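Novice: Here is how the chains run, residue by residue.
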Amino acid sequence: MKQFTIHPVAGADWQLADGVGIAFTNSALWMAITAVLVWVFVAGGMKRALVPGRWQMAVETMTGFIDNLLEANVGKAGRKYVPYIFTLFMFILVGNLLGLVPLGLIPGVHAFTFTSHFTATGVLAILSFSIVLIVGFWKHGLHFFSLFWPANTPIFLALPISLIELVSFMVRPFSLALRLFVAMMAGHVLLKVLASFVIAGGNGGLGIGVAVGVPSFILMVAISALEILVAGIQAYVFALLTSLYINDAENLH
Amino acid sequence: MPQIAQLSETLTSQVFWLLVFFGLTFVVVGLGMVPKILGTVEMRDNQIAGDLAAAQAARDAATAEEEAWRTRENANRAAAQAVIGEAKAKAAAANAAKLAETQARLDARLAEAEAAIDAARSSAMAEIEGVAADAARDIVARVAGAHVEPAAAEAAVKEVMAHV
Numbered sequence: 001m002k003q004f005t006i007h008p009v010a011g012a013d014w015q016l017a018d019g020v021g022i023a024f025t026n027s028a029l030w031m032a033i034t035a036v037l038v039w040v041f042v043a044g045g046m047k048r049a050l051v052p053g054r055w056q057m058a059v060e061t062m063t064g065f066i067d068n069l070l071e072a073n074v075g076k077a078g079r080k081y082v083p084y085i086f087t088l089f090m091f092i093l094v095g096n097l098l099g100l101v102p103l104g105l106i107p108g109v110h111a112f113t114f115t116s117h118f119t120a121t122g123v124l125a126i127l128s129f130s131i132v133l134i135v136g137f138w139k140h141g142l143h144f145f146s147l148f149w150p151a152n153t154p155i156f157l158a159l160p161i162s163l164i165e166l167v168s169f170m171v172r173p174f175s176l177a178l179r180l181f182v183a184m185m186a187g188h189v190l191l192k193v194l195a196s197f198v199i200a201g202g203n204g205g206l207g208i209g210v211a212v213g214v215p216s217f218i219l220m221v222a223i224s225a226l227e228i229l230v231a232g233i234q235a236y237v238f239a240l241l242t243s244l245y246i247n248d249a250e251n252l253h
Numbered sequence: 254m255p256q257i258a259q260l261s262e263t264l265t266s267q268v269f270w271l272l273v274f275f276g277l278t279f280v281v282v283g284l285g286m287v288p289k290i291l292g293t294v295e296m297r298d299n300q301i302a303g304d305l306a307a308a309q310a311a312r313d314a315a316t317a318e319e320e321a322w323r324t325r326e327n328a329n330r331a332a333a334q335a336v337i338g339e340a341k342a343k344a345a346a347a348n349a350a351k352l353a354e355t356q357a358r359l360d361a362r363l364a365e366a367e368a369a370i371d372a373a374r375s376s377a378m379a380e381i382e383g384v385a386a387d388a389a390r391d392i393v394a395r396v397a398g399a400h401v402e403p404a405a406a407e408a409a410v411k412e413v414m415a416h417v
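Quick mapping for you: the protein sequence lines, in order, are chains A and B. Mapping of the first sequence onto this note's numbering: position 121 corresponds to residue 121, and the numbering continues sequentially without gaps. Mapping of the second sequence onto this note's numbering: position 31 corresponds to residue 284, and the numbering continues sequentially without gaps.
Think of the hints as simulated: they come from the structure by calculation, not from any bench. This one's a predicted model, so the numbers in the text were calculated from it and none came from an experiment. Be aware that one or more of the hints could be misleading.
[As the list claims (entries may be wrong)] If you anchor each label on the Cβ, the simulated ranges turn out as follows:
id : chain 1 : residue 1 : chain 2 : residue 2 : range
1  : A       : F174      : B       : A308      : 38 to 48 Å
2  : A       : Y236      : B       : A308      : 36 to 46 Å
3  : A       : L226      : B       : D304      : 37 to 47 Å
4  : B       : A308      : A       : V109      : 48 to 58 Å
5  : B       : A308      : A       : G232      : 48 to 58 Å
6  : B       : D304      : A       : L178      : 24 to 34 Å
7  : B       : A308      : A       : N68       : 55 to 65 Å
8  : B       : R312      : A       : N68       : 51 to 61 Å
9  : A       : L105      : B       : D304      : 20 to 30 Å
10 : A       : A186      : B       : R312      : 54 to 64 Å
11 : B       : R312      : A       : V36       : 20 to 30 Å
12 : A       : G75       : B       : A308      : 25 to 35 Å
[Said to hold, decoys possible] With a straight-line Cα cutoff of 25 Å, these simulated DMTMM-like cross-link-like pairs (lysine to aspartate or glutamate) come out:
id : chain 1 : residue 1 : chain 2 : residue 2
13 : A       : K80       : B       : E354
14 : B       : K343      : B       : E354
15 : B       : K289      : A       : E165
16 : B       : K411      : B       : E380
17 : A       : K76       : B       : E295
18 : B       : K289      : A       : D13
19 : B       : K341      : B       : E354
20 : A       : K47       : B       : E295
21 : B       : K289      : B       : D304
22 : A       : K76       : A       : E60
23 : A       : K76       : B       : D391
24 : B       : K411      : B       : D391
25 : A       : K80       : B       : D304
[Claimed, not checked] Chain B residues, not near chain A, derived (Cβ > 10 Å throughout):
id : residue
26 : P255
27 : P288
28 : A342
Yeah, the Cβ is synthetic: ideal placement off N, Cα and C, and Gly gets one too.
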């Protein structure tokens with residue numbers, strides 16, 4: 001569990017106001033690295049050449065991917081959310097992947113996955129949820145509450161259905177935040193457990209080392225590959241669900 | 254679980270720095286760069302669509318040009334065929350006329366020659382009759398010593414020659 005511990009890197013006593021500490025922690029450091037990497041990646045595709053090079057092609061593929069995602073789920077009105085969804089997707093994707101980089105091989109350096117903290121994923125989820133609320137009430141006013149009364153619902157079902165809809169709506173930010181945090185944490189814990197098997201097996205002598213350590217190591221390699229996949233999928237799911245929720249607000253039935 | 258154990262001491266720092274770095278990324282990358290990249294893609298798509306349309310137009314123009322050329326060429330060929338046909342007909346008519354004229358001339362000369370031959374033959378016949386009558390009279394005079402009147406001899410010769 002040490003890999004999830006947050007400790008200050010600089011400014012341990014920085015405070016925004018009395019009692020509101022904003023120490024620059026290892027978590028904040030990896031957020032900064034993520035931001036810089038996203039910036040470097042996208043800046044590399046800013047040549048705006050008519051015939052794109054490889055890097056520009058990669059960047060345009062990512063923006064086109066998000067563009068298509070919003071086009072498919074929200075429609076033409078979805079284009080104005082591309083900057084937010086793209087930033088969200090890239091920030092989560094790079095954050096997830098950075099946690100999987102085996103930097104622990106370098107003595108004294110420890111990778112940190114800020115997406116394995118619900119304090120971080122929660123902020124992103126609340127941001128997405130706020131956008132849905134703001135857009136919904138801005139566009140539809142109080143009519144936005146008809147979201148809780150699906151079309152063609154019989155009158156006598158209106159109350160129970162709207163209660164269920166309200167709960168499922170309110171649970172969205174929690175499910176968004178918890179899904180990402182749980183997936184990231186579970187993957188890292190699983191890798192950690194398997195790694196401890198390898199170490200313990202090796203310490204247990206040659207026989208146990210071969211019988212336990214080698215299969216655990218092979219499984220670890222496979223799970224690492226799976227975790228890379230999960231890193232992409234969780235970023236995609238976060239972006240996809242956000243765009244679906246935005247669709248609810250943008251195109252109220 | 255540090256996520257929960259450290260919650261109260263790290264919450265504000267986590268929220269603050271995430272908002273700072275996510276916000277920076279959103280403003281610089283999301284708002285600053287992504288629209289430009291999307292614009293580049295759109296510009297390229299438009300350029301490709303324009304080029305394709307221009308190529309299609311050029312191709313249509315070429316097809317129309319070829320069609321016009323083909324029509325013109327067909328008309329020219331038909332005109333040439335007509336001229337050839339006319340010349341052929343004219344030559345055939347001239348030939349026929351010349352042939353007919355020659356035929357007529359030949360026929361006339363043939364008839365003329367035949368008439369001449371007939372005349373010659375009948376005059377020769379008449380002469381032979383005269384010679385035969387004279388010869389018959391001479392023969393009769395020598396053999397029988399009789400004198401036959403020329404008219405009688407001629408009549409006898411005519412009668413004999415009619416039986417030949």
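Novice: Each hint should be assessed against the structure and marked as holding or not.
Specialist: Evaluated hints:
1. A:F174 to B:A308: 38 to 48 Å: violated (55 Å)
2. A:Y236 to B:A308: 36 to 46 Å: holds (38 Å)
3. A:L226 to B:D304: 37 to 47 Å: With a Cβ separation near 44 Å, L226 (chain A) and D304 (chain B) satisfy 37 to 47 Å, so the hint holds.
4. B:A308 to A:V109: 48 to 58 Å: holds (56 Å)
5. B:A308 to A:G232: 48 to 58 Å: Once the Cβ atoms are compared, 39 Å apart, the range 48 to 58 Å for G232 (chain A) and A308 (chain B) is violated.
6. B:D304 to A:L178: 24 to 34 Å: 50 Å Cβ-Cβ, so the 24 to 34 Å window is violated.
7. B:A308 to A:N68: 55 to 65 Å: violated (27 Å)
8. B:R312 to A:N68: 51 to 61 Å: Since R312 (chain B) and N68 (chain A) have Cβ atoms about 31 Å apart, the given range 51 to 61 Å is violated.
9. A:L105 to B:D304: 20 to 30 Å: violated (51 Å)
10. A:A186 to B:R312: 54 to 64 Å: Once the Cβ atoms are compared, 59 Å apart, the range 54 to 64 Å for R312 (chain B) and A186 (chain A) holds.
11. B:R312 to A:V36: 20 to 30 Å: violated (50 Å)
12. A:G75 to B:A308: 25 to 35 Å: holds (32 Å)
13. A:K80 to B:E354: violated (101 Å)
14. B:K343 to B:E354: holds (17 Å)
15. B:K289 to A:E165: Distance of about 39 Å is beyond 25 Å: violated.
16. B:K411 to B:E380: Distance of about 12 Å is within 25 Å: holds.
17. A:K76 to B:E295: Between K76 (chain A) and E295 (chain B) the Cα gap is close to 14 Å, so the pair holds against 25 Å.
18. B:K289 to A:D13: violated (40 Å)
19. B:K341 to B:E354: Holds. K341 (chain B) to E354 (chain B) sits at ~20 Å (cutoff 25 Å).
20. A:K47 to B:E295: holds (15 Å)
21. B:K289 to B:D304: holds (22 Å)
22. A:K76 to A:E60: It holds: about 19 Å lies between the C-alpha atoms, which stays within 25 Å.
23. A:K76 to B:D391: Given pair K76 (chain A), D391 (chain B) is violated - Cα atoms ~147 Å apart, limit 25 Å.
24. B:K411 to B:D391: Distance of about 17 Å is within 25 Å: holds.
25. A:K80 to B:D304: violated (29 Å)
26. P255: violated (4 Å)
27. P288: The assertion about P288 (chain B) is violated, with a minimum of 7 Å to chain A.
28. A342: At roughly 67 Å from the nearest Cβ of chain A, A342 (chain B) sits farther out than 10 Å, so the non-interface label holds.
Hint compliance for this structure: hints 1, 5, 6, 7, 8, 9, 11, 13, 15, 18, 23, 25, 26 and 27 are not met, and every other hint is.
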